[in-house]
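S.K.: Build out the structure end to end from the sequences listed, making use of the hints.
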Amino acid sequence: MNRERKARLNIISSLLYQLTALFCGLIIPRLLIDAFGSAAYGATMSIAQFLSYITLFEGGIGGVARALLYEPLARQKTEDIARIVYSISRFFKWIAFGFLAYTFVLACIYKQIAHFESFSFWNSFLLVLVISISTMGQYYIGMAYQVLLQASQLSYVTNFLAIVTSLVNTALILILVHMNCSLIVVKLFSSIVFVIRPLVLSVYVKRKFQLPPENEVSNIPKRLPGQWSGLSQHLAYFFFSNTDVVVLTLMKSLSLVSVYSVYSNVVKMLQGLTNSFSAGMEALFGELLARGKDKQLSQIFTHYETLISMVSISLFSVALLLIVPFVRIYTRGVTDADYIQPVFGFVLILAILVECLRAPYHCLCIAAGHFKQTEWAAYGETLINILFSVLLVIPFGLSGVAAATLCASAFRFLYYVYYLQENILRRRIYLFFKRALINTADLLLICLIGSFLLKHLQLQNFFEFILTGGLFTALSILITVGVNALLDYKETKWLFGKFMDQKKSDPNGKRRGC
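So for the sequence shown, the UniProt record's numbering puts the first residue at 1; every next one is plus one.
Since the hints were derived computationally from the structure, they do not count as laboratory data. Quick caveat: nothing in here was measured; it's all calculated off a predicted structure. Be aware that one or more of the hints could be misleading.
[Stated by the list, open to error] Capping the alpha-carbon separation at 20 Å, the derived lysine to any residue pairs in SDA-like fashion look like this:
hint: 1; residue 1: K372; residue 2: R426
hint: 2; residue 1: K455; residue 2: V324
hint: 3; residue 1: K93; residue 2: V217
hint: 4; residue 1: K6; residue 2: K252
hint: 5; residue 1: K434; residue 2: L307
hint: 6; residue 1: K490; residue 2: V217
hint: 7; residue 1: K434; residue 2: K372
hint: 8; residue 1: K434; residue 2: Y416
hint: 9; residue 1: K455; residue 2: T473
hint: 10; residue 1: K77; residue 2: L307
hint: 11; residue 1: K490; residue 2: L431
hint: 12; residue 1: K493; residue 2: Q296
hint: 13; residue 1: K222; residue 2: T78
hint: 14; residue 1: K77; residue 2: L211
hint: 15; residue 1: K493; residue 2: R435
hint: 16; residue 1: K252; residue 2: S264
M.R.: The structure is reproduced here in structure tokens:
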């Protein structure tokens with residue numbers, strides 16, 4: 001399968017998965033909030049966040065391994081591939097054992113640190129254990145194989161598998177809630193469903209790559225080159241990603257965690273939809289770097305940046321307009337927390353938008369293996385987020401932690417712009433400012449027109465919301481295309497030309513017609 005077809009499959013499968021995640025992510029939280037209350041739902045999100053701390057031990061080895069796999073994959077060096085895969089497989093199994101100990105400690109202390117009054121100690125203990133099952137399976141069985149598939153530009157395999165397990169999980173939760181099962185039972189069966197995914201991945205990879213058995217591979221490294229630099233990047237990003245929920249849990253309340261999670265789930269789903277258009281980008285960058293195709297790399301980077309910008313602005317501008325009407329409808333009848341937080345929603349959307357816009361820069365740094373060179377920026381982003389969150393959460397609450405995330409994300413984005421210009425692409429800085437100007441003009445125009453239209457609409461139910469959302473999305477796409485065609489005609493023409501070429505291609509990638 002050629003590079004373009006892999007990229008197309010990765011984009012389509014990633015988009016389908018994100019749409020599936022959006023669908024499931026809208027159903028599951030409301031089901032759990034209605035059945036068990038905001039505090040209990042907030043507890044499940046908080047527990048999942050605390051369990052994610054185990055990724056501290058992962059040490060960023062996934063990104064390091066992918067960077068090391070690009071060259072042997074490009075040159076089909078099977079034994080070198082096997083050495084890297086078995087090295088990270090051993091590493092992840094050690095993490096799984098550490099995760100068991102960490103989970104037990106968390107289960108013992110969670111009720112005390114979170115002030116979780118709704119459950120007894122034993123119910124809280126069991127809830128932590130059952131939520132941990134899927135993570136345990138992922139690290140012990142499937143993580144190494146997932147890294148190999150990502151580096152091979154075969155992310156569509158994991159995406160299609162994730163679609164199936166997500167739909168099964170949602171259906172199962174729906175059934176169990178209507179059977180009046182307890183929260184612990186619901187989360188237990190949900191975790192079991194997600195253990196199936198790494199099992200299937202292991203079977204597929206062993207058949208696809210035909211790697212030699214581990215005992216027949218010599219010189220398996222105990223530690224991969226660059227692993228310590230990858231660790232520093234990973235630790236920084238981990239603390240950056242988990243700061244908000246932890247600060248709210250420790251300094252505010254679980255009800256606010258529930259409010260944060262409702263907004264965050266929606267915005268993260270939009271981020272996933274945006275990122276689906278760049279699926280396989282890192283692997284493609286890695287292959288081009290391994291083959292020394294610098295000119296082609298620069299061209300493709302610009303194309304991807306334009307695509308991601310257009311998709312991001314189109315989606316997130318609609319989110320800015322409709323996030324509060326959506327939450328008002330979504331949480332109607334829920335009275336144990338104030339879910340209408342317009343300022344928080346606005347700032348959080350901007351913070352995640354910045355993360356989406358910087359995605360091409362981040363992927364290229366990983367593909368180039370520049371972990372050590374960029375680690376101080378990762379530290380800076382994390383420190384800004386932690387410091388500002390702690391300072392702002394008391395006076396400003398949810399809006400404070402969102403503002404901290406926005407400042408931190410913007411800092412790292414600007415650093416990437418400078419770093420790539422000086423060290424990898426040698427891009428002229430004006431290209432970034434040109435793109436930023438186009439994005440800003442696009443966003444403001446959509447929001448101005450959308451705000452005017454929204455004044456004349458009263459959204460009372462999901463049917464009206466879906467119709468309005470469809471109208472606003474179509475409008476935002478038209479405005480985005482128009483603004484980009486006016487201010488960056490060359491790139492817009494290339495993207496649409498590429499799209500039309502794909503429409504004219506048959507399933508085997510051959511052109512139709514004369």
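S.K.: All hints are to be evaluated individually against the structure, with a verdict given for each.
M.R.: To see whether the hints hold, each was checked on the structure:
1. A hinted pair counts as satisfied when its Cα atoms are at most 20 Å apart, and K372 with R426 qualifies at roughly 19 Å.
2. Only pairs whose Cα atoms come within 20 Å are accepted, and K455 paired with V324 is accepted, the gap being roughly 13 Å.
3. Restraint check for K93 and V217: the C-alpha separation of about 18 Å stays at or below 20 Å, so the hint holds.
4. Among the hinted pairs, K6 with K252 is inconsistent with the structure: their alpha-carbon atoms are about 46 Å apart, more than 20 Å.
5. A C-alpha spacing of about 15 Å is found between K434 and L307, which places the hinted pair at or below 20 Å, so the restraint holds.
6. Taking the CA atoms of K490 and V217, the gap is near 50 Å; set against the 20 Å cutoff, the hint is violated.
7. Of the supplied pair hints, the one linking K434 and K372 is violated, its CA atoms being roughly 29 Å apart against a limit of 20 Å.
8. With a C-alpha separation of about 16 Å, the suggested pairing of K434 with Y416 holds against the 20 Å cut-off.
9. Restraint check: the Cα-Cα separation between K455 and T473 comes to about 17 Å, which is no more than 20 Å; the hinted pair holds.
10. Only pairs whose Cα atoms come within 20 Å are accepted, and K77 paired with L307 is rejected, the gap being roughly 33 Å.
11. Annotation: proposed proximity of K490 to L431 holds, straight-line Cα distance about 13 Å (limit 20 Å).
12. A distance of roughly 18 Å separates the Cα atoms of K493 and Q296; the hinted pair therefore holds under the 20 Å criterion.
13. Among the hinted pairs, K222 with T78 is consistent with the structure: their alpha-carbon atoms are about 19 Å apart, no more than 20 Å.
14. Between K77 and L211 the alpha-carbon distance is near 11 Å, which keeps this suggested pair within the 20 Å criterion.
15. The straight-line distance between the Cα atoms of K493 and R435 is roughly 15 Å, inside the 20 Å bound, and the hint therefore holds.
16. Annotation: proposed proximity of K252 to S264 holds, straight-line Cα distance about 17 Å (limit 20 Å).
Going down the numbered hints, you'll see the structure goes against 4, 6, 7 and 10, while the others check out.
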